[in-house]
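**Student:** Residue numbers (numbering that gives the first Met the number 0), protein chains in the order written: chain A, 0 to 258; chain B, 0 to 194.
Hints listed in this document are in silico derivations from the structure and should not be mistaken for laboratory results. There are no misleading hints in this set.
Listed next, with one range per pair, are the computed distances between beta-carbon atoms: (1) D41/B - G63/A: 17 to 23 Å; (2) Q197/A - P178/B: 55 to 61 Å; (3) S1/A - Q177/B: 56 to 62 Å.
Think of the CB as a built atom: it goes at the ideal place given N, C-alpha and C, for glycine as much as any other residue.
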Amino acid sequence: MSRAQLVRAVRLSLPIFALAAIVLGPVFHLVYGSICTIGVGSITLTCPLGFLQVSLASRSMILGLLVPVAATLAFTILFGRIFCGWICPAGNLTQRFGEAGLLRRAPSLRLTSLFEQIPTRLVLLGSVLAASAIFRYPVFCVICPIGIIYRNVISLFQYGSVGLDLIFIPVIAALELGLAPWCSHICPLGTTLRIFGQKSPLVPIVDKAKCIGCSICTKVCNMKVPLLQTSNLEDCSKCMECSLRCPTRAIEWRKKAKP
Amino acid sequence: MKRREFLKLFGVGVAVISLSDILPRVIKGKELVRPPGALVEDALNAVCIRCARCAQICPTGAIVLASLSDGFKELGTPRIDALRGPCERVQGRCEGQAKCAEICPTRAILQVDRRALKMGSAIINADRCMAWRGGSCLVCYEVCPVQGAISLIDEARPIFHADICVGCGRCVYACPAQPRALSLSPNGERRPSSA
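The following block holds chain B by itself, in its conformation from the complex:
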């Protein structure tokens, strides 16, 4: 092979490999709340084949596909968007089996005991909360499926216990304040490291 041709081929290889390294550095990954039983971040990004099956089967529509704004490496992987729906693995339609884990072809999402689940935690912004602003709203407290995750001060104002909250997003989805007083974060999440 001529040297010139070899150099061109070498250039193509170097271009592909360096772009594969540069793009995820430039378009950095955000902290995302992942479906129940999703592998730890690096393993999930490696093994997820980006087929969208989990998003299709999720009964509440809580699973959406990560977009470019969520990171380059993360593109097309599943994340929980509590504004679209809550995860019902803890209580509701997925109590028996997590449907996303059941349908995942690459075992990027595993069946995890629903009592051992921890996807993250809900965060309250008291400035927006109707109860904290003097109104009477206990919607988050009423919909929460986890005992002790939300407690009330003076039987009126909710406080959130991040260590007990499993991050199902039910309160975030139900919060009637506009803009919403609650958001979901992956803080404190526990995820399986491999299949």
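The shape of chain A in the complex, shown without the other chains:
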């Protein structure tokens, strides 16, 4: 097995491993909760977007979640959107769709250019938070594909049935067809992680001396980052596809040099 195959195998199996840990965790009294708020022993991690929504919806400061959220944010500040590339089951799903070519044959109503713009994504995130505060429930949590996948896998394991909310998974896939790529352009959690992780030192660096300008890195990028044309790598999910597929091995992972 080549290094590329190994990295890919680990990346694709981690979300499945995380699902298995969450389903089997309670059996061994080790892991409780889904990714929304997961407790492994005495360590608890909480989704920052979930925290913001329930805080705004309940108009209260949830003291018990402060440390778990701070831990998640510290991790994001260091590693950027690594969650999107390595843990998120929804990202994994939509990217497999993409690889199978299912999403390239998208109809023409695509609004990619609108959602490509950062202000659109910030407005989307802001409206989700505003709606949570106005209507008093976490509006994204209820349809969050990550939450839906985890809740249904837990239900399936605990009492052998799944919920109707699974219908939102194809709805989101349809959104991806009609609007824009979910992970890189729409997902409000991705936008949240992007905001906190934009200064992550873990980014791909192109060695200009070795680069032949073939743009393979841009084509294979899960987050549609045009690596050769931009220094804005906030959306990078650290999937490493660019460095693994680069024909001249011109891409390395190292700390961003200070300007």
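We have chain A already, so just place chain B on it with the hints.
**Tutor:** Relative to the frame of chain A, chain B by itself:
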């Protein structure tokens, strides 16, 4: 910023906010029996982070996650399904502490004194009840942990006192009639209004 772009952004915002209002109106919430100590409905739907921890730790499996058929706002919140198991907060494995309240990270479920508990009440459908149809069955009466919640007429037919019943669901879970003669309702529930 160009006016056109501003309008597009405004459209995205309006779409998200109006959908957040319309969907709960279209997919209305049902009356659900909630775990012991769950906050009042509006506060619970606001503060529950939908992490499923309570459903995972419930020793009887009584806590299930509300599905789309239970309401849009309610999606992913915990509810008691007495057909899966009874709530043992009143008597049984959670007598000391309610495990769901203990593990809830957002305090959407609070520790409530088990003697002050009222999750709802059991309802009997006499047409289905074996005892009321002339058979000899006293299963509900025998499993009930609350004195006075079920009394017997002629020492044979059960009648339910909704004001005394705490809604633990033990009788519903145990009812041997097919289809079941008992169901659980949140009628008369008492829930804390905030943490």
